[in-house]
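Same order as they appear, the protein sequences are chains G, P, X and E.
Numbered according to the working numbering, the first sequence spans residues 1 to 117.
Numbered according to the working numbering, the second sequence spans residues 118 to 200.
Numbered according to the working numbering, the third sequence spans residues 201 to 1237.
Numbered according to the working numbering, the fourth sequence spans residues 1238 to 1460.
If you're looking for bench data, these hints aren't it; they were derived computationally from the structure.
Take these hints with a grain of salt, some might be off.
Unchecked claim - Where chain E lies over chain G, by a calculated footprint (3+ residues, C-beta under 8 Å): (1) 28-41; (2) 67-76; (3) 86-94; (4) 104-112.
In this text, a Cβ means the ideal position worked out from N, Cα and C, and glycines have one as well.
Below, each chain spelled out in residue letters.
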Amino acid sequence: MIFTLILGFVLLLIGIYGMLSQRNLIKIIIGFSIADTGIHIIIVSIGYLRNRTAPILNSAVDISKAVQQVVDPIPSALVLTAIVIGLAVTALMLSFVVELYKKRKSLSIDDYQELKW
Amino acid sequence: MISVIMIVVLGVIMIVAGIIALHLKNLLAAIITAGTISLLASVIYLILGSPDVAMTEASIGSGLTTIIFLYALNKVQKEDKND
Amino acid sequence: MVNPIYIIILSLATGFLLSIIDKAGRKLSLTVFYSVLTFNVFVVADWLYRFTVLGVSTLTINTAGFKAPLSINLQLGIYESFVLLFANLVGLLSAIYLIKKFKESNISSLILYLILIMGVNGLVMTRDLFNIFVFLEILSISTYALTILTKNQKSLSAGFKYMIAGGVASTFFLLGVVFVYYFSGNLNLEFIDPNSLTNYGVIAIFLLAIAVFIELKPFPANGWALDVYESVDSGITSVIAVVNSAGIIFVFYKIMPLLPQNLLNIFGIAGVVTFFFSNLMGLKQQNAKRLLGYSSIGQMGLLVSALIFTMNSPNKLIYVIVGGFFINHLIAKAGLFWITGIVKKEKINDWGILKENKFLLILFGLLLFSLSGLPPFPGFWAKWEFIKLLVHGKMFFVVGVILLSSLFEVIYLFRWFTATVKNDSEIEEKIPFQFAKYFSTTVIVGISLIISVLMMRFVYNFQTIHYLPIIAVIIIYLLDFIPSKIKAILSLGAVGAYGYYIYPLENNLQLFFGIIFIVGSAINLIATFNRKKLSKGFYGFLLMMIFSFGNLLVAKTYLEFFLAWEFMTISSFILIMRGKRAQKASLLYMIFSTAGAYLLIVGFALAPSLVSNSALMVSIAKIQLPILSTILLAIGFMIKSGSLGVHIWLPEAHAEAESDVSPFISAILLKAGVLGLLMIGISYVNNTPTFNMFYWIGWIGVLTAIVGAFLASFQEDAKRLLAYSSMSQVGYIVASIAILSHLGWISALYLSFNHMMFKSALFIAIAGIYYRTHTRKMYEMGGLIKKMPLTYITVLIGIIAISGVPPLSGFGAKWLIYSSFIEKGWYLQAGVLFFSSAVSFLYLYRLIHTIFLGQLKYEHQNIKEAPIWFIIPQYIFIIGIMAISMFPNLIIQPLNSIVGHYFNSTIAIDGYNITSSLGNWNGNMVMLVTMGVFIVPLALLMLFNRKVQTVKQFNIVYAAERPESPQTTHVAHNMYAHFRKALGGWGKPRIWEFWHDSAEWAHTFGDFFRRIYTGNGQTYILHIILYIVVIYFIMGV
Amino acid sequence: MIKKTLVLIAIVGLLMVFWPLMSNFEFSQNLSELASNYVRGSVNELNTQNVVTSVIVTYRGLDTLGEVTVLFLATVGIGFLLGKRKGKKRPASELLQTTSSFLFALIVLFGVYIFTHGHLTPGGGFQGGVVIATAFLLLMLSDVNMKFNHTILQIVESFSGAFYIVIGIVGLVLTIGFLSAEIIPLGEFGKLISAGAIPIIYSFIGLKVGSELTNIIDTMRGE
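Just chain G, same shape as in the assembly (with noise of 0.2 Å):
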């Protein structure tokens, strides 16, 4: 449906706005998994057929016209992985910001610059 797909091209542009002007890590990583869950909505929504269900082929389908009446496998196939993915990324974002905080008793990106040029 092209209002979810637009749905979740604007949650991923918000994320990653989220990611670029926030200064706390935690709402950087924030940024990050609503712009992951706008990739997924956007995944979800190409596989996407009007008026099918879901294809899983119990008695609701007529098993030899399946192929007419589910929607696109694949993309939920695709989506599954990527949001165990996402979580692991998160997860070990946040970790590493627990850990940054522990040394240095600050949530702000803008002070773990030490490295440059």
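Assemble the complex: chain G is given as a structure, and chains P, X and E must be docked to it using the hints.
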């Protein structure tokens, strides 16, 4: 048609939530708002005919991720108290 | 034969179980860990062997019991196995390097490392776009976690920046993947038809490609990578720089067929831009690891553009260029990062600690040489072929940028190298010996050498003679424990044998230069018998240099010639660097030589292909060099011969080299440039020239002669004086070559030969004096005539020979030169040369007056004549000078016939009498007359001066107080200051200032651009996003 | 100020990059050939009701293996980063504790149900794994001091991963292909025991994901 309306409504809420999440000073509230986005996303997945994704998003995207965020925040704040 | 999917399976299974295995002890888990890494290497090596030697066809592995595109398939072919072999090998070696860390650290680090290596294998083999994404994530996440193997504030914050940058990149990649699926209905690379994509489909491809490209760290969206390189543990850094980069570049290679041509071109240019800016910014860098980071990023840029620009070339070229850059970068970077981990010094100025550790220093040097693209390392061949390819594609701007950036790279790498070797600070710490770390570094250098030899042997089929320079170094290195005298004898024998081996040369011009190069070197070699102790590393490089001189003559192709040329540069650089304070001198020499070499590459690339199988010196007569090629080659050769404008290196190198090395450089090395110039001339005169370039070369020669003479006059340092004198003399030679006439070339060759003899003799004489007095400052000498009479005679004859007064050979040279200039009608040039001859009297007089005449210094009252080893070669040369002075036909006759090949003879030789269109010269008669003129006053003096009272040399009466530093009041100190004043503004070292300012500007720009790397992770993401947007708009849809 | 402008330019630029993708988007009317093959294959070749499951577990099994690996890496990485936790006591409410042990069993059971029925109904190893992790989370919330027997968790995690791979190798040994589902008779369409090895693989994935997520939460909980 109903699904379109639902999607539009949900979409607007999600976008607003996204903007709010980024502007909230309170990190706890921000995290929970961001979690809400994922939760609403899973409803959208259901409407789009992907119950598998919906389940995953609800449990991982909104559930676990939020919890991990909260634990991380908790750790950071504890770190503050320790000193 | 093991199915390569087992690499993934075994690594994963081991990874999952490793924490359980670890319960049984770290020994067991380490054993399993290393076994799996070794297993990977062997599996891939086995397959590479099958693909290359046995000709097995590419292997496709389907999963899940279905064929692609239904299931995900893996592919292992020649490219995959090649990339994987090196990735796995470096992975294994890096793991060995890290063994101490792995023993102490949490088991997690082993798991992460193992899966990282697994990730690269999967990434390279998989053919499915989404699977690439998954493996990319596996690779990235394990790398992120490993960045904190050494956990500190810096590595944490670098790791975090790396994560968010990587996160953004993979977001775009994912978006690209799903849209590619949307537009093409497929995820498998084989089944995606790029032509079927719509306009908007190109955007999907763009997103995909730009994400991979961002991971390849293009300028300026690469700040995160630099921080990672700087702060992460060296073992892991080398994995990031090598293993990860290898995997990601391969992904880029895999998706390349999908990309539209304009996007490929943009990426190609972006690669070059990255190469340029990272090397420019590297100039300012002081932190060793960050410097390597800049170099890494640059090399990746170069690799990407090589990949793109060679796309439609024959396979062999792709192997040499892309494979060469790939291996070169990979090996050099891995090795250098490891060495930074061993040395553990952040600032490159603190690296002096390394010079005490000879073994490590050699490894370091080899890796730096390899990174600089010097032969025989793979980068050399890659650069040669790549530039040739680009030149043939008429991409001159790209060529220029690439070479300029390479030059920057050479500058900072060699600044690092010379600063390390010549660091004179007192060092107390020692580098601890760690077997594992040394082992990995040694193995990687060994592999690099083996590959180099294989390339020379199998790709280029060089004859043994072209390896000879390296073989010499290796053999002498192995024999380095024996005393230097024996090594000197061996070397002399080797030079003799080499001369005998190449002797039947194709034409007499070769023979003539053969005599200068080989016989001249052999005689100069005698002076080195004076060396005490072991002189480690000296004779190897000396032989390398002498052999490469010879190889210049026998080289049959441009590449062989250039190879010999580069070997000559390397060896002479190292010889110069041996001097005590030669840091700046050797660096300058290397920079100018490299610049010259790059001009030669382009010049040769522009030249038409050779038609005959003769030596290049012969066959070049048959081809017509394009004008641009001639110009570039001429400048390249003139850099080596120290012509005006590019002579900055010359005085430094001559002066600071060890005193028995200087004669080689001045008397012989400079002639290599002369040889090159003659070669261009040969091609030029045999083919109709359209642009009178040699007219300008002539002027450069003339100006070099006069400026050199002036500069020589103002020197206080005897060796610098001789150096500028060499510059001036070579200026005469260059000018005479430029005349392009029979008489002109005879004069050029005659003067070359003469100069070889008298400059060798003079430099050895100064070597003897320096050996006794330990100073090169002339005003600190004086009155040595009585102490070192033999040396005095050498210098006397030497300066008479230079000055061109009768009766010695110099007179003949001058006569020939003026004749040829006037014959040609270059009156003004002849006038300038004449004036410069007058100026040269100034410095020559000073040389003999200040050193030998006047008051003997107190501290020199007990010195002796120079050692015999210095005297012998001097007198061999003196005899030579006397011989050709008295019997000029000995040389004029052969020269007449040599030059007769190229021009119609314009002189007649009749007995001792040589007649040109302007008059005649009878060397023998001149000698007799002059002797007569000399002897008569001498006899008169002897007769009437008997009663002169002799004064002891130390019988001096001070008129007043003894001045603070008495030497500076000596007449010889700043002797020609008044002339300098007379020169006014002309006396300013403008050329030196020009180069100095250029260097300053480059550094300032570098410093300016690197300010974009603010260190703020958010800014880095902003760079990435803006980069994506900008590239998108450049591409246009 | 400059930075704000640049951020704005970046976002507007990105919008312009994405715009053609959005404005020209047309929903396809039919499944792509690949997707149709998956739907047909799911019925004919794998006897799997849930097409997504058949895609995830077999057709794109390598992705899933990678996905499990990514999660595993995150677990290991977080553990590596945050290190071992130090114990500190805090009292917990008794009521919550008793209720939660009861709930715990129920939730775990539910999780197991989800992943064993992955080939029939929505959900599967990942979702089931998360549910199991939620059960553990509940325990952690109810008893802050609760310490897991990490060895058991680790064994479950390691061996479920290893078995997953072993099943894959069986396919390889039988020369069907790595991670093939057909190493076990495919059974009857729509029944619990069907779809060949898919339920088994999904169960291992479920166990692995569950233990990994539990591990992550536990590490993040820390102190």
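Cross-check of the supplied hints:
1. 28-41: violated (count 0)
2. 67-76: holds (count 7)
3. 86-94: Answer holds; 6 residues pass the 8 Å Cβ test.
4. 104-112: violated (count 0)
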